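**Q** Spelled out, the chains give:
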Amino acid sequence: MLTLYHWEPNANSGKPMLALMEKGVAFESHYLDLLNFDQHSPEYLKINPNGTIPALVHDELMLTESTAIMEYVDEAFDGPKLTPDDPLERWRMRWWMRFFDQYFAPSVSMIGWSVFVGPSVRDRDPEVLKAAIARIPLKERRIAWSKAIYNTFSPEELDESRRRSAVGIACLEKALSERPWIAGNSYSLGDINGFNLGYALPLAQPALCNDEKTPHIMKWLRAIYARPAAKQTWSLGRTQMAARIKFLEG
Amino acid sequence: MLELYHGEPNTFSLKPLIVLHEKGLDYTSHYVGPTDFDAVPATIRDAMEVQYNPEGDGPILVDRGTAITESFFVSLYLDEAFPQVPLRATDAANRWRVLMWARFVNEVLAPAVVTLGCHKYLSPWLKTQNRAEIERAIAAMPTPERRSGWTMALDDSYSAESIEDSHRKIALGVKKVEDALASGGWLAGPAYSLADIDAFALLAPVSGLVPDLLGENNAPRMTAWLARILKRPAVAAAFAKSKTGKPLESFAPGPEHSRWG
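Protein chains in written order, with this note's numbering: chain A, 103 to 352; chain B, 2 to 262.
Hints are not guaranteed to be accurate.
What the hints assert, rightly or not - The list that follows gives simulated cross-link-like pairs (lysine-lysine, DSSO-like), each with its CA atoms no further than 30 Å apart:
#, chain 1, residue 1, chain 2, residue 2
1, B, LYS24, A, LYS183
2, B, LYS176, A, LYS249
3, B, LYS177, A, LYS241
4, B, LYS176, A, LYS148
5, B, LYS232, B, LYS177
6, A, LYS249, B, LYS177
7, B, LYS177, A, LYS148
Hints are computed from structural coordinates only; laboratory data are not their basis. Remember, it's a predicted structure, so these values are computed and weren't measured experimentally.
The task is simple: from the sequences and hints, build the whole structure.
**A** Listed below in structure tokens is the structure:
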């Protein structure tokens, strides 16, 4: 029995979704609406007490952390290998996944939370929002939601996130100008990870990420979206957020 | 031939040293002192994965001409490239547990231990050095993250919140280890693995930083686990690389606390 609890195919949720689709592994998709705080509901906390998404339940095992889940999926199931054979390329794949997860993505997502997630939920009944924040199990996530809802990201931290996003784009463009895929010569979990962070960059950061300034990123994004597994993954999206990806078809 | 640029055998540098000795691999050791900022050749320093190493001045393994950074991934690379004496189980669930430990150790625990370590040992020591020289070295560092980490150590400007948050994170780490060892065995399953090496490298110096947390009364399982690892010949060989005689007091700024709080 294999069940994936996820939100839109985007950021962390999209990583195990795309990995499972690439492997051709059948799974039960359980959609949780992040903006409705489904991930902090008592029913879901029984499955994942930390209230984070995504989570993968494989028989008796409950797995969290999207990047680690992807490595599990690649090892536990048959299907095309999504990890290079060369240990050096495997190291590079992991190094970049950490760069994405800890440096680049948190900066891009801080901007996203301030301009999209916060405004999407802010207008609800203040008491309901207060109760929703109080239900969040992890301190880090409580802080993130409070900042988004009450719009208290400081100008300094948003500036720093913009600076880091620009650094991330420049590093990614340089890497992809030296080799076709993140890890080297083969498509891997590193590309799946990076695509979930990067697919919307040309829309969110049009001045920094476009065909003229970052041709290698653009070519890489289009090559990944051309894969049937990516189309299948993004078809599980229910909102405009996932639908934006169609611009990569052009 | 493998080459390792490393500092005193503590935190990040300790991990690949232990792994190299566990596997009995030959390597050339390049010892880098705490302010030997030019000890690593420019050809290696300029690689993107060195400049943006999340550990700052962490160890660098050079193999087949590539500079390999991030001490857990260096350890994992050695384990996958040199399969003798495997340090990770073969089943996917235990392998996932090793990755989960590494994530916690390196993203939550490491910034906390390094913050307290720099505050207690590095900052006072830097005050005895030539400030102008260190400021020049800081100005030449490649990223603002690296420069601000060193400036904070030079000025000992760690906020009370950051010190308190570091104590909280270390207490969380000690509790996680105690809980994991409750069922016997090692951190990620029945066998000694990279998870134990990774966590040991960051928890070994805790007795000098937050002694109240340890001891047989407060953390009996972790205290026994640290002692078990200390007895391993490979760990003794790694500690023998120390030139100061006090490896667990050696820290360099680098790993950042999560910017999301």
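**Q** Each hint should be assessed against the structure and marked as holding or not.
**A** Results of checking the hints against the structure:
1. Restraint check: the Cα-Cα separation between LYS24 (chain B) and LYS183 (chain A) comes to about 27 Å, which is no more than 30 Å; the hinted pair holds.
2. Taking the CA atoms of LYS176 (chain B) and LYS249 (chain A), the gap is near 29 Å; set against the 30 Å cutoff, the hint holds.
3. For the suggested pair LYS177 (chain B) and LYS241 (chain A), the alpha carbons sit about 16 Å apart, so the restraint of at most 30 Å is met.
4. As the CA atoms of LYS176 (chain B) and LYS148 (chain A) are separated by approximately 22 Å, the hinted pair is consistent with the 30 Å bound.
5. For the hint pairing LYS232 (chain B) with LYS177 (chain B), the CA-to-CA distance comes to about 22 Å; that is within 30 Å, so the pair holds.
6. Using a Cα cut-off of 30 Å, the hinted pair LYS249 (chain A) and LYS177 (chain B) holds, with the two alpha carbons roughly 28 Å apart.
7. Between LYS177 (chain B) and LYS148 (chain A) the alpha-carbon distance is near 20 Å, which keeps this suggested pair within the 30 Å criterion.
Of the hints listed earlier, there is not a single one the structure fails to meet.
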